[in-house]
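Whenever a hint applies, use it, and build me the whole structure from the sequences.
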Amino acid sequence: MATVVDSSNPKSNFPIQYRELNYLNCSKGWKSWFFTLDHKRIGIMYLIGVTCSFFLGGIFAVLLRTELLSPSKVLMGPDAYNQMFTLHGAIMTFLVIIPGVPAAIGNIILPVMLGAKDVAFPRMNLGSFYLWMFGAAFFLAAIVLGGLDTGWTFYTPYSITTSTAVITALLGVFILGFSSIFTGLNFIVTIHTMRPPGMTWFKMPLFLWALYATALIQILATPVLGITGLLLVVERAFHIGIFDPTLGGDPVLFQHFFWFYSHPAVYVMILPAMGVISEVIAVHSRKHIFGYRFIAYSSIAIAVFGFLVWGHHMFVSGQSRMVAVIFSAITFSVSIPSAIKVFNWLTTMYKGSIRFTTAMCYGLAFIFIFSIGGLTGLFLATLATDVHLHDTYFVVAHFHYVMMGSSLVGLFAAIHHWWPKISGKMFNEFWGRIACLGVFLGFNLTFFPQFILGTRGMPRRYYTYLPEFQGLHIMSTMGAYLLGLSSALMAGVLIYSVYRGKKAPANPWGGASLEWQCSSPPPHNNFDHPPLAGDPYVMESVVYNEEVGGFVPVECQGDNKESVTASGDKEV
Amino acid sequence: MKLFIPNLLANGEAGFWFPSQGSTVAESVDSVYFFILYVCTFFFVLIVGLMVLFMIKYRHRPGVEAEKTVTHNLTLELSWSVIPTLLTIVMFWIGFTSYLDMRTPPASSYEIDVVAKKWSWAFKYPNGWIESELHIPKGEDVTLTMASDDVIHSLWIPAFRTKMDVVPGRYTQEWFNATKAGTYPLMCAEYCGQKHSEMVTNVVVHETRGDFDKWLQVASDIHKNKTPVEAGEYFYKSRGCIQCHSLDGVPKNGPSFKELFGKERKFTDGTSTIADANYIRQSILEPQSKIVDGFRPIMPTFKGQLTDQDISAIIAFIKSQK
Ligand code: HEM
Ligand SMILES: [Cu+2]
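From first to last, the protein sequence lines stand for chains V and H.
The opening residue of the first sequence carries number 1 in the working numbering; numbering runs sequentially from there.
The opening residue of the second sequence carries number 1001 in the working numbering; numbering runs sequentially from there.
One or more of the hints may lead you astray.
To be verified - Here are the simulated PhoX-like pairs of lysine-lysine, each with C-alpha atoms no more than 20 Å apart in a straight line:
hint: 1; chain 1: V; residue 1: K73; chain 2: H; residue 2: K1195
hint: 2; chain 1: H; residue 1: K1057; chain 2: V; residue 2: K351
hint: 3; chain 1: V; residue 1: K203; chain 2: V; residue 2: K117
hint: 4; chain 1: H; residue 1: K1214; chain 2: H; residue 2: K1226
hint: 5; chain 1: H; residue 1: K1068; chain 2: V; residue 2: K203
hint: 6; chain 1: H; residue 1: K1068; chain 2: V; residue 2: K351
hint: 7; chain 1: H; residue 1: K1224; chain 2: H; residue 2: K1237
Said to hold, decoys possible - Heads up, incomplete: computed chain H residues facing chain V, CB under 8 Å, no partners named:
hint: 8; residue: M1051
hint: 9; residue: F1054
hint: 10; residue: T1071
hint: 11; residue: E1077
hint: 12; residue: F1096
hint: 13; residue: S1098
hint: 14; residue: L1100
hint: 15; residue: S1154
hint: 16; residue: K1163
hint: 17; residue: G1169
hint: 18; residue: P1185
hint: 19; residue: E1190
hint: 20; residue: T1268
hint: 21; residue: I1274
Unchecked claim - Reference listing, derived: stretches of chain H covered by chain V, where coverage requires no fewer than 3 residues with Cβ under 8 Å from a Cβ of chain V:
hint: 22; segment: 1015 to 1021
hint: 23; segment: 1079 to 1088
hint: 24; segment: 1193 to 1199
hint: 25; segment: 1237 to 1250
hint: 26; segment: 1279 to 1285
Hints in this document: simulated from the structure, not taken from any laboratory.
Where is the CB? At the ideal position from N, CA and C, for every residue including glycine.
Right, dumping it as structure tokens:
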């Protein structure tokens, strides 16, 4: 492969900038990373951790799908299969999606977007990263110490009776919960206290609104998960009779506790991704976001409603009809703010100047996939249809459309959108887009057939199945292979760019929010002078500059302000 | 291609989305489903259509900048908040009314008790007969009263569009009225461990109540269908002997049946006898008359509950426990 050369800009060499100090090269050695208090480095470490977890969970997924090529044994027996889907689900949920956008991308971008030097509590930030590592280590320990076969939902009484390493895994979840709470707390305080002069709440980029709403959920809901996990540990260890029916406990109580956290957690997974998409669509269409306030309020609305709908996971658990009806009604309320956002994004594209960068391609894929994910949620919110669809492949398809198709594609969009800022390098757009196309096609081929499997009668968490389902399972597995290869290609493109990529300008896409005002990668303290915040979506405030190979503020155009001289090229 | 297409499309007489409708509620569930599907398809086409249109029309062209448009329009935004809200209210409503039918067992219906355990189903008919397949008559309301022996299971019959969890420690109910004779799969939908995916059996819908009754009569005529040892095993399990008598030699509340037949038994009153057919018969009908040394007199009598033929079968079963 030839190195990336942007033919539109022959002067893509910036010798002066190579010698500039930035957060990546300002100090060296492993200690300077492991004890860093720089939010960007902490974010990078999260990103690496999340990526490794994603590939581990992904390998499990590919093995699971391979097993399902045939109703009889292909690779493994039922015990191994049950452990594998449990670990796949638990790793993807707790180690990939929940920390993905907020902890990894949020950590890197949030302070820069605020024009701040760092988060409010840098030490706590490092602490929450180590808690995450520690929690992840418990998960890995659980794999070694007998595995885990409860499903990531840990339903009682099965989780009380199984002989696998439930306690180890639950301790892992407990620790990860603290990490999540600390990150949320940090973000809330940072957003409250460190906004720069001029940035009122309604001048704040929508990504920050999304992170703020997410953080609220994290600190309010996660303690419930922690306590539920501890109760289950206590129940397993001392047989107290909380959830165990043989001791007078109530197994459905566990489901209430569990979903009281886990339903809002679903919004921890999707809200930040929605925030990313608001940025990506606006910047790459070069348009002011449409309906700013509606999008901002809808994030908060989703966070609030998200707490009221957990009972929709239990329509067939034997809960009273009255309760089921109430939960069904409230559940629909969550769909409205999501619909609002989708229409706002579309209107933002109207009369824009849309550039099909890789980030934008992921943004468009997000709209497509999230629409399917969100709309299929309506079938599950409706009582009569949920009774048939609950615990089937329809649900598997639905949550993959939301969790993987939307949250993860949102994460991919974020990575590509901010990659020049994070790494200081441009990646190869051509191969980036090929990977994006592969992810999109592979994803839909994997999960769309599962809707049909579900309605036709295929329950989830099944190691073997009736022969008539084989055709659809084979399609799904082929999609998974394509998806796996495309994700690997994406990782390859990004890693390659670190070594061979072209130097990135401060503002390659033409964004107007503050993170595009500092150099790429940002210096250790982000900004030399505190930037002045204006409307983050006035794209006309920056224009393309040939010599820089990126966008510069309008007022700098033509005269020798910093961002232009950064190119090392003084002529006008 | 040959591999996919026939499998994909050939699903018996079933449609693309669902297996064929087998119960009275299936029709209303499917119509709710299709209503939502049409609404969703409309919005999906609208969203993706607009997206593709904008992608083409407003793609970046050199020298052409984005046009400045309004950044906010209250009427537009209220309308795309209010219209979806109204539609979801309709969805909620039709889903809710159809759900009420599904969850209200009719007052007089044929009742079958279900016990779920890892990893099988036991259906107990009113005459006491227990079978691992569910048999029901067509056109009659049937109510299942379900209990679990161990973890949570969930009884799902896709053709009937009904599902209900079976939760240990409480009873749950599920009812349906089958509309078509035939055999349909019945499965466990709540993850329950190693053989979760093998917890699959059949529902057999008989054309008339007469057919069903005949089936039940023949099936429960155990001595005709089974060898004496098999029949004895059935009574051992279904009449509760299993709770106190093990087969592995370890005494529970009562002595184990392992190697019992033909052995000498010592009793609390000091007497003893050889465990033969007469002794076993007496133990079943008058359990308090001879108490084996080391046990308490807690066994109930089965007088009037087991016929002579039943007892002979049990004796044959105990005899076979070597
Ligand atoms: C290549 C991509 C992926 C494939 C092929 C895949 C495939 C699967 C399969 C086959 C199952 C088992 C379904 C069952 O029998 O119930 C499963 C479950 C699950 N997956 Fe994925 N998956 C992928 C990516 C993801 C991602 C990115 C996430 C999360 C962000 C995720 C979250 C889950 C969860 C939560 C479960 C449920 C586990 C459980 O039932 O306990 N998956 N996936
Ligand atoms: Cu089961």
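Quick rundown of the hints versus the structure:
1. K73(V) x K1195(H): 13 Å, holds
2. K1057(H) x K351(V): 8 Å, holds
3. K203(V) x K117(V): 19 Å, holds
4. K1214(H) x K1226(H): Holds. K1214(H) to K1226(H) sits at ~18 Å (cutoff 20 Å).
5. K1068(H) x K203(V): OK: K1068(H) and K203(V) at ~19 Å, within 20 Å.
6. K1068(H) x K351(V): 8 Å, holds
7. K1224(H) x K1237(H): Between K1224(H) and K1237(H) the Cα gap is close to 18 Å, so the pair holds against 20 Å.
8. M1051: 6 Å, holds
9. F1054: 4 Å, holds
10. T1071: 5 Å, holds
11. E1077: 5 Å, holds
12. F1096: Status holds, d = 6 Å.
13. S1098: Hint on S1098(H): holds, closest Cβ of chain V at ~4 Å, below 8 Å.
14. L1100: At about 7 Å, which falls below the 8 Å cut-off, the nearest Cβ of chain V leaves the hint on L1100(H) intact, so it holds.
15. S1154: With Cβ-Cβ at 6 Å, under 8 Å, it holds.
16. K1163: Constraint on K1163(H) satisfied, holds at 5 Å.
17. G1169: 3 Å, holds
18. P1185: With Cβ-Cβ at 6 Å, under 8 Å, it holds.
19. E1190: The hint holds - E1190(H) has a Cβ within 8 Å of chain V, the shortest such distance being about 6 Å.
20. T1268: 32 Å, violated
21. I1274: 40 Å, violated
22. 1015 to 1021: holds (count 4)
23. 1079 to 1088: Holds: 5 residues of the segment 1079 to 1088 of chain H have a Cβ under 8 Å from chain V.
24. 1193 to 1199: Coverage by chain V holds for the segment 1193 to 1199 of chain H (6 residues, Cβ < 8 Å).
25. 1237 to 1250: Check failed, 0 qualifying residues.
26. 1279 to 1285: violated (count 0)
Checked against the numbered hints given earlier, this structure breaks hints 20, 21, 25 and 26; the rest are met.
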